[in-house]
Amino acid sequence: MATKRNFLKEFFKDRKMVGAVSPSTRFLGEKMLENIDFDKAKGLVELGPGTGVFTDIIIARMRDDAKLLVFELNDEFHAALKARINDPRVQIIHDSAENIAKYLPEEEQTAQDAVISSLPLMVFPSDLRQSVVDAAYACIKPKGKYVQFQYSLQSKKFLESIFSSVKITFTIRNFPPAFVYTCLKK
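Position 16 of the sequence shown, counting from 1, maps to 17 under this note's numbering, and the rest follow consecutively.
Source of the hints: derived by calculation from the structure; they are not laboratory data.
Any given hint could turn out to be false.
Stated by the list, open to error - Simulated pairs of lysine-lysine, DSS-like, Cα-Cα distance not exceeding 30 angstroms: (1) K158 <-> K144; (2) K168 <-> K157; (3) K83 <-> K41; (4) K187 <-> K103; (5) K144 <-> K43; (6) K83 <-> K103; (7) K144 <-> K168; (8) K158 <-> K83.
Said to hold, decoys possible - Derived Cβ-Cβ restraints for the label pairs, each shown as a range: (9) L154 <-> N36: 17 to 27 angstroms; (10) A102 <-> S127: 18 to 28 angstroms; (11) S97 <-> S162: 34 to 44 angstroms; (12) A102 <-> K187: 17 to 27 angstroms; (13) R85 <-> K187: 34 to 44 angstroms; (14) N36 <-> A102: 17 to 27 angstroms; (15) T26 <-> A102: 24 to 34 angstroms; (16) S127 <-> D65: 13 to 23 angstroms; (17) R90 <-> S153: 29 to 39 angstroms; (18) D65 <-> P177: 20 to 30 angstroms; (19) R85 <-> L185: 24 to 34 angstroms; (20) K144 <-> T170: 13 to 23 angstroms.
Glycine included, C-beta positions come from ideal geometry on N, C-alpha and C.
Given these sequences and hints, build the entire structure.
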């Protein structure tokens, strides 16, 4: 209950940074990650993990030699993730998702298998939204995936203008129910 209370507090503190009133469910996490081949993926990036619901699922599925960069800008969530996650394959970063490349070795800057995003894209100013998705796109290898959930279909045209394929699924097993966009890099 403390986690839900903290999440709600952070939502009211900054609605443009925290896009929901409660943490995502594991059911949404399963839906978000169902099209990522964890047996092959070595480079993964997560944007806006909040309390780490998806992070925990990713870590459980990751290969032993895989790396996960986790970007969380909210001070409270970042501190909680740093205190809770102690896995040498995971780097918890307190910085904007626009700066992904800064944290990747040069040879890995265009070689990530997937970017998993929980960021509330449609509440961002358009220039920030574009900058974040451009940074994600740039770090994904060809045929890599960008997976994003939103509470509406507003992101559809925006994501279709960037990625070669955008598949949308829906789950009611989250509060609020959510759309999952699985995008393939050209």
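We went through each hint and held it up to the structure:
Restraint check: the Cα-Cα separation between K158 and K144 comes to about 20 angstroms, which is no more than 30 angstroms; the hinted pair holds. Pair hint K168 plus K157 holds up; C-alpha atoms about 9 angstroms apart against a cutoff of 30 angstroms. Distance hint between K83 and K41 is fulfilled; the C-alpha atoms sit about 26 angstroms from each other, no more than 30 angstroms. For the suggested pair K187 and K103, the alpha carbons sit about 23 angstroms apart, so the restraint of at most 30 angstroms is met.
Note on K144 and K43: the hinted pairing holds, with a Cα-Cα distance of about 14 angstroms set against a maximum of 30 angstroms. Straight-line distance between C-alpha atoms of K83 and K103 comes to about 19 angstroms, which keeps the hinted pair within the 30 angstroms bound. Using a Cα cut-off of 30 angstroms, the hinted pair K144 and K168 holds, with the two alpha carbons roughly 14 angstroms apart. In summary, the hint linking K158 to K83 is not supported, as the alpha carbons are separated by about 35 angstroms, beyond the 30 angstroms threshold.
Restraint check, L154 to N36: a C-beta distance of roughly 19 angstroms satisfies the suggested window 17 to 27 angstroms. Judged by the Cβ atoms, the range 18 to 28 angstroms given for A102 and S127 holds: they are separated by roughly 21 angstroms. For the pair S97 and S162, the beta carbons lie near 22 angstroms from each other, so the given range of 34 to 44 angstroms is not met. One distance hint, 17 to 27 angstroms for the beta-carbon pair A102 and K187, holds here, with the actual separation near 19 angstroms.
The beta-carbon spacing between R85 and K187, approximately 37 angstroms, falls within the hinted interval of 34 to 44 angstroms. Hint check: N36 to A102, Cβ distance near 24 angstroms, so the stated range 17 to 27 angstroms holds. Against the hinted window of 24 to 34 angstroms, the Cβ-Cβ separation of T26 and A102 comes to about 31 angstroms, which satisfies the hint. Between S127 and D65 the Cβ separation comes to about 40 angstroms, which falls outside the hinted range of 13 to 23 angstroms.
The hinted range of 29 to 39 angstroms is satisfied by R90 and S153, whose Cβ atoms lie roughly 34 angstroms apart. Take D65 and P177: their Cβ atoms lie about 36 angstroms apart, and the range 20 to 30 angstroms is violated. The beta-carbon spacing between R85 and L185, approximately 32 angstroms, falls within the hinted interval of 24 to 34 angstroms. Taken as a hint, the range 13 to 23 angstroms holds for the pair K144 and T170, whose Cβ atoms sit roughly 19 angstroms apart.
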